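Student: Given these sequences and hints, build the entire structure.
Number of protein chains: 2
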Amino acid sequence: MTYCVGMMLERGLVFMSDTRTNAGLDNISTFRKMSIWETPGDRSITLMSAGNLATTQAVVSLLDERSKSHDERAPSLLAVPSMFQAARIVADTLREVIASHANTGQRADSSFNATLILGGQIKGGPHRLFLIYPEGNFIEAAKDTPFFQIGETKYGRPILVRAYESDMSFEAAMKLLLVSFDSTTKANLTVGAPFDFHCYDKDSLKTGQTGRMASDDPYFQSVSQGWGDALREALDMLPDFSL
Amino acid sequence: MTYCVGMMLERGLVFMSDTRTNAGLDNISTFRKMSIWETPGDRSITLMSAGNLATTQAVVSLLDERSKSHDERAPSLLAVPSMFQAARIVADTLREVIASHANTGQRADSSFNATLILGGQIKGGPHRLFLIYPEGNFIEAAKDTPFFQIGETKYGRPILVRAYESDMSFEAAMKLLLVSFDSTTKANLTVGAPFDFHCYDKDSLKTGQTGRMASDDPYFQSVSQGWGDALREALDMLPDFSL
Numbered sequence: 001m002t003y004c005v006g007m008m009l010e011r012g013l014v015f016m017s018d019t020r021t022n023a024g025l026d027n028i029s030t031f032r033k034m035s036i037w038e039t040p041g042d043r044s045i046t047l048m049s050a051g052n053l054a055t056t057q058a059v060v061s062l063l064d065e066r067s068k069s070h071d072e073r074a075p076s077l078l079a080v081p082s083m084f085q086a087a088r089i090v091a092d093t094l095r096e097v098i099a100s101h102a103n104t105g106q107r108a109d110s111s112f113n114a115t116l117i118l119g120g121q122i123k124g125g126p127h128r129l130f131l132i133y134p135e136g137n138f139i140e141a142a143k144d145t146p147f148f149q150i151g152e153t154k155y156g157r158p159i160l161v162r163a164y165e166s167d168m169s170f171e172a173a174m175k176l177l178l179v180s181f182d183s184t185t186k187a188n189l190t191v192g193a194p195f196d197f198h199c200y201d202k203d204s205l206k207t208g209q210t211g212r213m214a215s216d217d218p219y220f221q222s223v224s225q226g227w228g229d230a231l232r233e234a235l236d237m238l239p240d241f242s243l
Numbered sequence: 001m002t003y004c005v006g007m008m009l010e011r012g013l014v015f016m017s018d019t020r021t022n023a024g025l026d027n028i029s030t031f032r033k034m035s036i037w038e039t040p041g042d043r044s045i046t047l048m049s050a051g052n053l054a055t056t057q058a059v060v061s062l063l064d065e066r067s068k069s070h071d072e073r074a075p076s077l078l079a080v081p082s083m084f085q086a087a088r089i090v091a092d093t094l095r096e097v098i099a100s101h102a103n104t105g106q107r108a109d110s111s112f113n114a115t116l117i118l119g120g121q122i123k124g125g126p127h128r129l130f131l132i133y134p135e136g137n138f139i140e141a142a143k144d145t146p147f148f149q150i151g152e153t154k155y156g157r158p159i160l161v162r163a164y165e166s167d168m169s170f171e172a173a174m175k176l177l178l179v180s181f182d183s184t185t186k187a188n189l190t191v192g193a194p195f196d197f198h199c200y201d202k203d204s205l206k207t208g209q210t211g212r213m214a215s216d217d218p219y220f221q222s223v224s225q226g227w228g229d230a231l232r233e234a235l236d237m238l239p240d241f242s243l
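Those protein sequences? They're chains A and B, same order as listed.
Each residue of the first sequence is one higher than the one before, counting from 1 in this note's numbering.
Each residue of the second sequence is one higher than the one before, counting from 1 in this note's numbering.
Please note that a few of the clues may not be correct.
Heads up, the list lumps identical chains together, so a pair's fine if it works in one copy or across two of them.
Said to hold, decoys possible - Listed below are the simulated DMTMM-like cross-link pairs for lysine to aspartate or glutamate, each with C-alpha atoms no more than 20 angstroms apart in a straight line:
| hint | residue 1 | residue 2 |
| --- | --- | --- |
| 1 | K202 | D64 |
| 2 | K143 | D201 |
| 3 | K206 | D216 |
| 4 | K186 | E165 |
| 5 | K186 | E65 |
| 6 | K206 | D240 |
| 7 | K123 | E171 |
FYI, nobody ran anything at the bench for these hints, they're computed from the structure.
These numbers were taken from a predicted model, which means no experiment stands behind them.
Tutor: This is how it looks when you write it as structure tokens:
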């Protein structure tokens with residue numbers, strides 16, 4: 001499993017992904033699930049992935065190779081004119097990789113599927129956020145659905161639904177995401193720290209603040225421990241049921 | 001889907017179940033998923049069910065018939081000497097019903113499976129809580145795992161994990177459960193109000209406070225609305241991340 005969230009704010013985009021991959025509970029590893037492509041002053045594009053690791057790594061490698069090769073540069077993430085075109089390239093690459101494995105007639109215990117979150121901004125357009133399905137189609141975040149989750153989405157969803165505000169600061173959004181990730185890692189062993197993050201400033205057209213939050217990070221610890229107390233206090237504030 | 005929680009407290013047991021059943025999003029109904037058998041002064045036993053409605057209703061009907069028929073009264077919920085024996089009877093009945101459908105060679109889109117929560121007290125023994133699997137085996141709640149959830153368990157779990165205390169009052173436990181149910185109904189349309197509840201007082205050996213909480217109940221409304229505000233305040237209390 002995996003847990004990634006991409007969030008659209010008025011001031012930009014926030015991305016966070018866990019790093020645990022597993023092939024059974026007795027075979028876990030740490031892999032980065034966030035990739036960033038940028039041309040400072042022109043674009044910054046962030047991709048997060050959930051699903052079959054071989055598939056998602058192949059997608060990222062293909063996108064990477066194509067953006068570096070000058071011959072093939074035409075349909076590459078670093079050359080497309082809009083985020084919509086970027087989403088189409090990523091979606092096509094994803095479908096192509098899944099098809100190439102599935103069509104060999106190979107069968108695996110887990111499917112070759114993967115789901116992606118893509119977000120960023122290209123000069124001349126707004127910042128946009130997409131959820132890309134294994135079938136190669138995609139949807140875009142809008143006011144009604146301002147964030148996307150992939151992987152183990154359920155445990156961490158209620159707090160996002162309740163506390164998300166489109167005019168949040170990055171600082172508050174990071175806090176909210178860490179609470180959501182903390183709830184998820186507490187309930188599902190296949191989601192685990194450290195968490196990679198990227199806060200993209202609208203119209204900056206370059207990679208913003210990025211980093212990796214370890215489980216023993218003092219700030220994460222204070223959020224994790226403080227949240228339990230804060231929740232209990234919040235519950236105390238509500239009137240008790242009268243039997 | 002369904003959402004039911006059975007919770008073991010020092011002062012007794014709290015049960016809550018939703019009432020929505022569905023065969024597709026375009027075919028939803030309201031059914032009671034909580035059954036209570038009692039002999040005042042001797043025992044009170046509560047059963048909640050998640051899964052195939054035909055299966056769970058058959059299980060309840062069989063248990064009911066057997067506890068009323070004097071001939072067959074020997075292995076009935078109203079005659080067994082302990083909660084462990086009660087759990088065995090319920091588990092055997094569940095397995096029997098599932099097998100009787102599955103063995104006819106019929107296939108259905110959904111399986112015939114069901115999962116049950118059974119709790120209560122029989123004179124001479126402590127109050128106990130069990131989770132019964134479709135295979136007919138079961139586990140018992142203990143200090144480390146003081147509550148069981150069945151059905152759509154994920155959305156409502158983080159708050160239970162954080163705020164449960166074994167010495168809670170029934171009033172506080174009901175509030176906690178309503179918050180957990182509210183988070184779940186907000187995220188999954190196949191879980192819905194009204195919610196049935198039963199608070200069993202330890203050593204009372206009779207049915208305690210029971211009732212049905214509608215979605216427009218003023219107390220539920222105040223919890224549902226107040227919880228959003230309380231959560232945001234709780235989040236505000238935590239230190240912001242510094243970028």
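Student: Which hints from the list above does the structure break, by number from lowest to highest?
Tutor: 1, 3, 5, 6 and 7
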